[in-house]
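*Asks:* Can you make the complete structure from the sequences, with help from the hints?
Listed below are the residues making up each chain.
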Amino acid sequence: MCDHHDKLRSNNRDLQSIEKQLDRREFFKKTSLGIGAIALGSLLQSEKLWSAVNPMADANGSLNAFAKNKLGLPHHLPKAKRIVYLFQSGGPSQLDLFDYKPKLKDMFGQDLPDSIRAGQRLTGMSADQTAFPIAASTLNFKQYGESRAWVSDAMPYLSEVVDDLCFIKGMHTDAINHDPAITFFQTGSQQPGRPSIGSWISYGLGSDNDNLPTFISLVSKNGSGQPLYSRLWGNGFLPTEHQGVQFRSGKDPVLYLGDPENYDGKDRREMLNYLNKLNGIAYDAYGDPEINARIAQYEMAYRMQTSVPEVTDVSDEPDHIFDMYGPDSRNPGTYAANCLMARKLLEKDVKFVQLYHQGWDQHGNCPGGVKHQSKNTDQGTAALIKDLKQRGMLEDTLVVWGGEFGRTVYSQGQLTDTNYGRDHHPKAFTMFMAGAGVKPGFTYGETDDFGYNIIKDPVHTHDFQATLLHLFGIDHERLTYKHQGRRFRLTDVHGDVVKDILT
Amino acid sequence: MESTVPDFILFLGRFHPLVVHLPIGFLIFAFLLEIYGRRHINPALSTAISLALFGGAISALVASVLGYMLSLSGDYEKGMLDTHFWFGIATTLVTFFAWSLRSGKLSIPKLSGLKPNMATLTLVVVLVGVTGHYGGNLTHGSDYLVKYAPFGRTEKVVLPPIAKLEEAAVYDYLVNPILETKCNSCHNSSKKKGGLSFQDTLAIKKGGKNGDVFIAGNVADSEMIKRVMLNPHHEDYMPPEGKTPLTDEEKSILSFWIEKGNANFKVKIGELETPDEITSIASTMLGLEDATGKSGIPLPKVSQPTAEILGEITDAGFKIRELVFESGLYDVVLPSKSILAGNESELDIKLKKLLSIKDNIIWLSVKDNHLQDKHLKTISQFVNLQKLEIEKNPVTDNGISEITANQSLTGLNLYQTKITSSSFESFVKMKGLKRVYVWGTTITENEAANFRAQENRPEIIMGM
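Residue numbers (this note's numbering), protein chains in the order written: chain W, 5 to 507; chain F, 4 to 467.
Some hints could be false.
Covered stretches of chain W, as calculated for chain F (at least 3 residues, CB under 8 Å) [said to hold, decoys possible]:
| no. | segment |
| --- | --- |
| 1 | 76 to 87 |
| 2 | 386 to 399 |
One side only, chain F facing chain W, incomplete, derived with CB under 10 Å [stated by the list, open to error]:
| no. | residue |
| --- | --- |
| 3 | Ser339 |
| 4 | Ile365 |
| 5 | Lys390 |
| 6 | Glu392 |
| 7 | Tyr418 |
| 8 | Ile464 |
Counterexamples of contact, computed for chain W against chain F with all Cβ distances above 10 Å [unchecked claim]:
| no. | residue |
| --- | --- |
| 9 | Lys107 |
| 10 | Leu259 |
| 11 | Asp288 |
| 12 | Gly372 |
| 13 | Leu419 |
| 14 | Asp453 |
Since the hints were derived computationally from the structure, they do not count as laboratory data. Here a beta-carbon is modelled for each residue, glycine too, at the ideal position from N, C-alpha and C.
*Replies:* Given below as structure tokens:
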């Protein structure tokens with residue numbers, strides 16, 4: 005490959021010195037003066053190989069990347085083309101929402117039997133309690149739909165769509181505190197540094213819309229609580245273009261899209277072309293794949309100048325849609341507005357939309373807190389499911405609702421007739437899924453009469469992740485990335501696909 | 004038996020199939036030279052023939068010794084092995100005899116009138132043929148050679164076709180076919196790898212060197228299931244490397260038979276509590292309509308389009324994505340608003356481009372692209388289509404009647420189209436159809452409710 009004569013020659017002194025380094029390296033390469041040079045060359049080559057789906061290849065025309073996937077994906081026929089993951093951060097109380105335990109009413113205030121807790125280690129927040137009084141939910145439960153699913157009256161809108169939902173009541177996880185637990189759910193590891201689910205899917209399957217990021221995250225502004233970090237939608241060691249792009253929760257989801265005053269933007273393309281050439285020089289000199297990622301992201305940002313205003317504009321949504329999502333949906337950045345935005349993004353074939361809503365951490369005032377949280381999220385969630393369904397999108401869109409763990413059956417702090425708190429509980433909690441390839445109107449798994457331990461069909465976080473990938477046509481054991489001498493995967497060395505919930 | 008044979012002997016023995024081809028080649032070559040020598044007298048030929056015979060004799064001896072070593076493994080059926088053994092010995096001896104005659108080391112004046120060289124060589128070749136045939140039978144099974152022969156094929160016991168799934172005997176209709184295709188080539192009456200044969204029910208019950216094949220009602224401890232469930236790289240994994248492994252469905256059937264059917268050879272599906280999964284696998288295996296309606300429509304086998312054809316299609320503005328790697332099955336999307344009002348003829352050209360991969364399209368989306376009824380005529384040729392999104396287009400009932408022959412279609416998105424309840428008729432004709440989305444059409448809730456009230460109708464999804 006002797007194409008460096010065509011390369012841009014800089015009149016900048018610093019860049020010239022880089023060009024000289026480059027010439028020396030190419031000289032070594034060409035004259036094969038050492039095996040080292042060859043080895044180095046192959047190393048650089050392999051870096052490029054690992055960077056997988058390179059959006060630049062699309063921009064340059066030729067065959068688009070999905071006609072032939074470089075990683076040999078999908079492994080089997082996918083059911084889902086896209087996903088919206090409604091993350092309920094903080095740990096929603098399954099006992100006050102879905103996991104109805106009528107027998108607890110008679111045991112109200114009694115101490116949780118030791119045989120149930122079985123010496124489980126608790127958090128520092130309730131471990132010192134002398135008693136663990138059972139707090140039956142003060143919310144009313146009813147059965148809904150043909151599937152007769154139990155839902156508390158905190159979620160009146162969701163109860164209308166239970167026949168489209170698949171409840172998993174036997175979820176369990178490894179972590180008991182927020183950050184490790186949420187990191188575990190989103191990246192498969194309690195320690196930060198691994199790629200999130202969305203990044204894995206972006207890396208494996210690439211984009212369906214070149215003009216928008218494959219993976220977008222939205223954090224609603226009307227929830228507050230335990231902090232969320234951008235690493236939850238981070239790419240870890242995967243190439244950076246697979247990172248989730250966070251949209252701001254306000255009127256302008258992406259800032260600085262418009263051109264400044266007195267600038268018509270016409271020479272921006274030219275400017276970017278030149279910048280790409282400069283970055284190309286830097287890449288040839290250093291071989292750092294991150295430079296490619298940067299080129300890709302500049303190009304993406306350029307295309308987003310037109311695509312983002314188009315997709316975030318809700319002015320053409322009719323009133324009855326806003327009414328369905330609730331009054332909040334007219335207030336940009338709220339959970340309901342984000343749900344509506346998610347639908348619009350999914351319609352544009354954004355593959356992974358991740359919503360976060362904070363504040364599900366009811367250590368005290370649990371009944372009130374759950375009601376408050378539900379009020380902010382219930383209508384939006386239900387409307388999103390309905391809206392996707394009536395547009396036929398539930399056919400190939402997966403909806404996931406869930407937090408990082410559940411909450412304890414015993415009261416943290418004072419238990420009164422009307423009030424109680426609940427501590428973190430990783431051993432059993434409820435999530436639900438809907439849409440692509442998941443059984444509608446179905447409940448999987450069961451907990452004991454205390455809602456404390458799973459007695460039937462447990463689903464571990466890794467099992468959930470394996471199932472999620474499975475729905476996208478990915479064998480979770482075969483989507484790997486070599487990093488620091490070892491092949492990593494989302495589910496580490498665990499995970500079984502929960503076949504029983506698949507259609 | 005094996006325990007008394009040192010591994011090293013078996014190791015050497017496995018070279019038998021390799022070495023055995025040397026005498027075959029040598030001896031047949033000697034025979035050809037002999038015939039050639041009849042017509043073209045050449046003294047050099049004489050040397051060559053005796054050399055070839057010598058090589059054949061020595062290699063036959065080596066092959067015999069190795070063959071004996073291999074036979075010690077006990078993996079082979081005794082009767083056929085003996086025949087092969089004695090024919091092998093005979094071949095070797097006759098070859099030595101032929102060589103002695105040919106090279107003049109031995110001369111029997113009495114035979115001089117009988118063309119001794121030609122006669123012995125002919126005998127050698129016949130013996131090689133017979134020995135080789137028996138050897139082949141041992142390795143590949145006695146029906147291997149003529150299995151696909153156009154003549155005299157012995158008909159297998161043909162099972163009567165089954166009309167109802169409940170009447171099918173689990174072993175005869177489901178288990179045995181799996182064993183036959185995946186196991187019998189190494190486990191049959193003549194080649195009993197590990198002393199195990201799946202030839203008939205008696206042999207299966209008898210088990211192999213490692214004990215019983217299965218324990219009725221106990222999947223976890225059944226050797227057969229354990230072996231097929233292992234990690235494919237495991238030494239004990241069955242079928243061994245290079246053979247086709249069992250599919251998940253086949254594993255489920257075997258497990259079901261042992262667990263639920265108690266490994267009974269007579270039990271019928273109807274007599275057992277059958278999970279939906281098994282019902283749907285069994286229906287597919289027997290070519291019956293899936294009562295659970297869950298297995299979906301099987302994926303068609305299609306040829307892979309060339310990169311050139313795919314390039315043309317992407318150049319036309321379609322986004323294509325292979326649904327399963329290297330399956331040649333595609334999800335094809337024309338991004339919405341690619342076609343603007345007044346430009347409908349452009350859509351004709353684009354859709355015609357897809358005809359070159361018409362069997363490969365499984366999912367198709369042409370939503371919001373001014374698609375009209377006439378375009379559906381083109382789409383009706385995509386016979387393997389399972390999902391079709393044509394919402395937000397001016398499509399009418401006439402268009403829908405064009406695609407009623409698309410029997411594999413399961414999901415049809417028609418929201419915000421111009422269809423009316425007259426299309427219900429078309430929906431019914433599409434047997435595979437599960438869900439139709441009709442929000443924003445003139446179809447009313449009442450009409451949909453009436454339609455739903457009847458049996459075997461696809462789900463009609465309206466506005467929520």
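*Asks:* Evaluate each hint against the coordinates.
*Replies:* Now the hints, each set against the structure:
no.	hint	in the structure
1	76 to 87	holds (count 8)
2	386 to 399	holds (count 7)
3	Ser339	holds, 8 Å
4	Ile365	holds, 8 Å
5	Lys390	holds, 7 Å
6	Glu392	holds, 7 Å
7	Tyr418	holds, 6 Å
8	Ile464	holds, 6 Å
9	Lys107	holds, 30 Å
10	Leu259	holds, 27 Å
11	Asp288	holds, 28 Å
12	Gly372	holds, 30 Å
13	Leu419	holds, 40 Å
14	Asp453	holds, 28 Å
Every hint, counting from the list given before, is met by this structure.
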